[in-house]
Structures are given as structure tokens and as C-alpha cells.
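Visitor: Each of the two chains sits in its own frame; use the hints to bring them together as a complex.
As given, the protein sequences belong to chains A and B, one line each in that order. 1 is the number of the first residue of the first sequence in the working numbering; add one for each residue after it. 1 is the number of the first residue of the second sequence in the working numbering; add one for each residue after it.
Calculated from the structure, these hints are not laboratory results. Some hints here could point you the wrong way.
[To be verified] The calculated BS3-like cross-link candidates involving lysine-lysine, where the alpha carbons are at most 27 Å apart (straight line), are:
| hint | chain 1 | residue 1 | chain 2 | residue 2 |
| --- | --- | --- | --- | --- |
| 1 | A | K26 | B | K165 |
| 2 | B | K67 | A | K26 |
| 3 | B | K192 | A | K172 |
| 4 | A | K26 | B | K80 |
| 5 | A | K172 | B | K194 |
| 6 | B | K192 | A | K163 |
| 7 | A | K37 | A | K26 |
| 8 | B | K165 | B | K67 |
Remember, it's a predicted structure, so these values are computed and weren't measured experimentally.
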Amino acid sequence: MSIDTATELQHAVEDAAAHLYVWALKDIPQDLRDALKGASERETSVPGRRVLSTILRNVEVADREGNLVCQDTGIAVYTCYVGEHFPLHPARIYEALRDGTARATVEHPLRSNAVHTITRENTGPNIGRRLPIVHWEFVKDWDGLDVKCVPKGSGSENMSFLKMCTPADGVKGIKQFVLESIVGAGGKPCPPGIVGVGIGGSADYAMYLAKEAITRPIGTRNDDPLVAELEDELMGLLNETGVGPMGLGGDVTVLNCHIEHADTHMTLNPVAVNYQCWAARRATAHVAADGTVDFDREA
Amino acid sequence: MATHEVTFPITDEQEILKLRAGDEVVVQGHIVGIRDRTQIRIFDQGVEPPMDLRGAFLLHTAPGVRKLGTDADGKGRYEKVCIGTTTSARMVRFTEPLGAQYGVRAICGKGGFPDEAIAPMREQGMVYFAIVGGAAALETTQIEEIEEVMWEELMPECLWRFRVKDFGPLTVGIDAHGNSLYHDVQAAAQEKLKEIYARL
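Just chain B, with the same shape it has in the complex (with noise of 0.2 Å):
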């Protein structure tokens, strides 16, 4: 199992296809926040996402922020307080047209997505990211700061943009090459209970 740096958003997809499951990655650059209300807008309201998503690295999050002010073209400043990561199994439907319409590269939450993620995510070049749930307080001071956000209405469900330095460590949950951590470690899983079921 390999240890990797990658800068976000990448323009090189082989900076992806090197990636392997179980490897360890921490990363930095930019990534951008996101929830169950915004991909329900974008994909089921089908409105355009007002930011560019192209090599995108998403975290899946809601994160807990304080009001800073209002800047003149109406946009809010925030700062953060507590930014963790919310369990991704429930937004796995949006992974093909995220790669497919919109060019991301990397999802990242907590808890891995179940098997229907594979097929998406070898054919457009992604990866899942598991990050630690509920290490919020080191994530937080992960993200240096929270540089946009957009969709303010849908608080705390809005689009964000965090940069981050020394993001991490995340594992490969689910490569771009077919694989799953979270597959395999279940069929395994299945089968000790066979044996285990056996022993009662």
C-alpha cells in the first residue's frame, strides 16, 4: 500500500489511475463542499452548479461555520468552527453524472459507497476517498480557510470551496480501477458470519 500527495483539482487523470485501493493519500489545493440538498438541486431540480467542478475533488460535509459579514456584492463571509464529514451511502446515485457531466475526479466521505459505485467510477476515472468520520477537530484545522460559498440558502447544504494543506490521511476506498475495499472486506465478512452462524 502506497502513500501519495495529490494537489486538487487535478488536470492530470494519471494522477488518479495511480491511485490503488488502500492506499494512503493526503491532499492539498482546493476542494469543494457538498450535501444531499445541493446534488438534489443540480441533478433532480436541474440547476446548473455555479462553480466549475471540472477535476474536482467533493467532500461530503455540512459543516459548522460562524457568520463573518456580508460582502458588497452580497455573498456571506464565514469562518469555520467544526467541519467533519457526513456518510456518503446516501448520495452514491449522483457519482456517474458527476464524473460524466461534470468532470469530477475524487469523492470523499465517510462510510464508502455500496457496490453501484464501481461500474461509474472505472468508466469515468474516479475514486472514493474514506476520510475518518466524526474526526472533525482535525479536520477543521485541515482547512485553512473557507474561500466560497455558493447556494447560501440551502445552509448548511451549500457548495463550498476550503483550501486545505496536509488533508488527511485519507484511504482509497474505491480506486478507478474496479476495486473496493468496502466489497471485498463485506464478502469476507459474509462468509466468517456463514461460519460463525454455524457455530451457535
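The shape of chain A in the complex, shown without the other chains (with noise of 0.2 Å):
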């Protein structure tokens, strides 16, 4: 393909990572907002019955007003589902959705967060060094780019938490996990939202794995019935601890429970938690080839 055509592409998925960030701050998924009506239809304590209720009076507010459901931005991370044939490299790819997030921030304008780790000096509108952060998936007899923003805000992603088990500790020792990691957590993440949980692989990818579990549409399950299973039963024993919407006491304490898993070594059980809270965020571009794009709220 021609230079020209390459940077038309780039300046493309730069306008719907533009897009997708500010959308997803202020229009929050069908799916999403459905598990909330649920989740206060069902609720039965006092103070859970107002922050459920303000929750969905505050989606109302956002939709009525235009503005942002929360105002924490977040970092940016984008999941970039990249087909083999699509005709812009990843290295573009990531400079696109870099510069579509600094345009947002500043065009909108968004509050900015990225700060030096080290000296906690802002360093650009909501990008830095390695930020935003990109998932990469790579997908084979395919020209096309999907791209999902998901911006994760600190409260909830301060309640992560890994442990290694050891096999002896089995599926026992991951349930018992999850359990203390989100009665642990109270309600500083946020609840009720979705228990994102990573089992298998290492250390650093049961972590990566339970950032993708949270950025699936509520509900939805493993592929792995054995897996699925467990989905079901964490998330009836997470409602049965009793901490409630925003901490307060009560019945609805996760939305739902997702979990992503690998294949690890023999001697390998590690568990990794990752905590969306309820306004759990997310917009889908289909980018094609040539460089059309559709939004999809709800993938």
C-alpha cells in the first residue's frame, strides 16, 4: 500500500481512539446498564437501595447532560484485536491510539492523571511513558482492527491483588482468594462491579488475564464450562458477604465475576484479582482495511 494511504489509516483509527475515549466516559453500555436496574431491583438494605439508585439517577444525569458518568478518566487501555492482513502496523497502530488519547484530553478537555511514577509530575494529556496501555491480540485470515477502549479508574484498579497458591491449595485456595482480596476491599473500588479474575499462566499474565476478564460485557462466560462453573459459583459467594453497594452493607456486592484463564507450569497455581467498579466503561471501533469505522457500544 502507498505511504499516502497508510497515514490515511493511521489518522483514522487516531479519530476513533479520539472518540472512543470520550464516548466511553460518558456512554456507558446497554448491558451494563441493565445489570444496574437489576442489581436495584434486587437490593434490599437501606443505604444500598440510595447508592443504587443514585447510580442510576447520576447514568440518567450523564445522558440528559452530555457529561462524563464519572470523572475519574482513568488510564486509557485500548484492546487491539489486529487482524494479519490489516494494512497499518502495530507500531502505527499505537502511536495512533497514543495521539487520539492526547486530542481527547485536551480537546474535550479531560482531567489529565498520567504523572512520572517517581517524581508524580503530570507528563502529558493522559499519556506518558508506556501510557496509554495497549492489549495486543493478533487475529489470523483477517484485515481488519477492532479496537475496545476501556478507561480504568484508580480507585478500582488500587483493589488488585495476586497471590501465588500452590497446587496443594487447588481451586479451594483461588475461591478463598477472591473472597478475601474483595471483602478486603470494601468499598473503596467502587460496588457493586465486576470481579475481573485471572488464573494460570505466571505471575504478570494471571494479571493480564484478569484485565481482559473485566473488560467483557457483563455476564457473558468462559468457554471452558469447568471455567464458567466457577464464574456462577465466585459470583453467588462474592453476594453472599454482605459489603454491598459502595460498601455500606447489602445484597448486590459484584455485578458479576469474570474469569480469563491459562495453562501454567505443574507447580503453578497463581490467581491475580482486578476490580472494575459499577461505571465499568468500555467502546468498541471496527476499523475496516479501508479505513471506515463503526462503533460498536456493546462488543
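Guide: This is the structure:
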């Protein structure tokens, strides 16, 4: 392809990223709206009902005023599914995502959260060294690109936990660690949200999988029936703990529990927990090889 | 669980003492935005805050704003874009001196304070209000105006004075009588975990 076409495609991805970041912050997906409504109908505690009805009111106000659902514009996390024949190299896709993130931050304007991790000085409009964060998946026999933007707030990201369980701890060890993590987190990660769990792989990969898990549409299930069963069981157990909306006590502690897994070493049993707050923002762009973009709130 | 309307800054301590953990509160008047770096400057770097905090309601926030211009005295003027609330637990150690040295009466944030806040709040006659974290679109409509911004160099962790109308609903998370919803919920959840673990 010509250089001009590559440049145009890079601009299309940049425009898509700029749109996605703001859109994700303002217009939460339907599955999340449904889950929050369901939670408010199910909740019986007085403070819990107060919290959930305020959340529903907040989503309505965000729609009406065109404002952000939550002030924490987060760190922009993107998951890219890149077709093997997509005519723009991932190095340029990354550049486009970074430029789009910065442009959206300046133009809206959005609060800029990015700081140097030692000096704590701001590093730019939600960009910096290795920011934004991009997860990559590559798809054979395809010429498209899907970009999912998940602005990740710090309140929930601070409630991330890793334990290298032993093989002898088994699945029981995994369940206990998820339960103790979520109870210990209390109201800090803005419950009720999505508990993302990564199991297997290595220490770093388990956490990567936990992050993948929170980006799925609510209530989707792992394609391995054993893992799907564990998702259902953990969701039920977590909602027995009574932590409740915003940690004020109640029936609904989590909207759901998603698990992603990888095979692992015979002596490893890693379990990672990554929390996604009730404002579980995400938005996707499908980019065709010719630069046409379709936006999709539900993917 | 009662419902109250309270106007800040308060002058009568009884206004605080009548609030009980679990009660619903709606706030009127003026509130003060504050965050990590603001309090680090006051207490760790020993810089006196240039704002009277007696009877104040402090909100844990780092607002998203748009700068409108600069006044003749060099102070920036700002309008709100999106104002929400951050996690309080990081700032719990400032509770006692905020009450004892500056007369602060209420701290509002999300996620709650750990048990170490219970004694200072009882001794100083303070309360912790739980707001709904993430509900910033609604919160922004309840903040009528950004009246004053001090320590702009800490943007967005400045000292902010907001005029509010019908700010809430808030839940009293910790009252001035030694009660904490967070303590009670956590204690019950730990008991529940024992029972769940026995079943696994």
C-alpha cells in the first residue's frame, strides 16, 4: 500500500481512539445499564438501595447533560484485535491510539491523570512513558482491526491483588483468595462492579488475564465449562458477603465475576484479581482495511 | 434511619451530634474540595491553609474544570466540567489534625475510612459522609459554582470552595458517637467468610 494510504489509515485510527475515549466515559453500555437496574431491584438494604438509585439517577444525568459518568477519566487501556492483513503496522496503531488519547484529553477537555511514577509530575494529556496501555491480540485470515477502549479508574485499579497459590491449595485456594480480596477491598473500588479473575499462566500473565476479564460484556461466560461454573459459583459467594453497594452493606456486592485462564506450570497456581467499578466503561471501534469505522457500544 | 438537611459551614455542634451512622443527609451551603497533595502540604510540609476551615465540610475531590481567565489579583477563575469524589482511605491520617487544629466537622468521600478514624471523629465531634463514588455527573449538577481556588499550582489537588445545592444523598458512614457502618459491615463479612470457607 502507498504511504498516503497508511497515513490516512493512521489518522482514521487516531480519530477513532479520540472518539472512543470520550464516548466510553459518557455513554455506558446497555448490558451495564441492565445489570445496574437489576441490582437496584434486587437490593434490600436501605443504604444499598440509596446508592443504587443514585447511580441510576447519575447515569440519566450523564445522558441528559452529555457529561462524563465519573470524573475519573482513568488511564486509557485499549485492547486491539489486529487482523494479519490489516494494512497498518501495530507500531503505527500504537502511535495513533496515543495521539487520539492526547487529542481527546485536550479538546474536551478531560482531566489528565498521567504522572511520572517517581516525581508524580504530570507527563501530558493522559499520555506518558508506556501510556496509554495497549493489549494486543492477533487474528489470522482477517484484514480488520477492532479497538476496545476501557478507561480504567484508579479507585478500582488500586484494588488489584495477586497470590501465587500452591497446587495443593487447588481451586479452593483460588476461591478463598478472590473472596478475601473483595471483602478486604470493601467500598473502596466502588462496588457493585465486575470482579475480573485471571488464573494460571505466570504472575504477570494472570494479572493481564484478570484485566482482560473485566473488559468483557457483563455476564458473558468463559468458553471452558469448568471455568464458567467457577464464574457462577464465585459470583454467588461474593454476593453472600454482605459488603453491598459502596461497602455500606447489602445484597449486591458484585454485578458479576468474569474469569480468564491460561494453562500453567505443574508447580504454579497463580490467581490475580482486578476490579472494575460499577461505572464499567468500555467502547469499541471496528476499523476496516479501507479506513471505514463502525462504533459499537456493546462489544 | 433518619433524613437530615445540614448547611455548612456549621456553627452549632449539635448539628453534627444528631447524625447517626446510616442516616441520609442532604447538604446546602459551602463545601471545600481537598485531596492528597493539599493535605500533604498542610500537615507534612507545615503550610497554613489560606482558607478558614472552622465548621467546614471537606470533599475528597480532584475536579475536572475549564479555566475561564485570571482576575486582577492573579487568581484563576474556573468553571466546572466534571466534579466527582475520590477514595478516602488514603487520607485517613489527616482526620485528627483536621478536627483538632482547624475545626473541620465533616469529611466526605467514597469507600469509607478504616477504624482508625472512629476515635478522632468521636473526640473531635466529626462525621464521615459516604457519597456514591463515580456518580460525578449528578454531583456536578449539585455544585452550583466554583467560588474560589487556592493553591492553583497543585492543580487539580488545590483547595476549592464550592457553593452547593441539595448535595447528596449522602450516608453517614461514621458518626461522632463511635459508630461506623464500615466497621460493622466488615465484621459481619469476616464472620460470613468463615462460614463460606467451611463450605468450600
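Visitor: None of the hints should be skipped; say for each whether it holds.
Guide: Structure-based check of each hint:
1. A:K26 <-> B:K165: holds, 24 Å
2. B:K67 <-> A:K26: holds, 21 Å
3. B:K192 <-> A:K172: holds, 16 Å
4. A:K26 <-> B:K80: holds, 16 Å
5. A:K172 <-> B:K194: holds, 13 Å
6. B:K192 <-> A:K163: holds, 22 Å
7. A:K37 <-> A:K26: The hint holds at about 18 Å.
8. B:K165 <-> B:K67: holds, 22 Å
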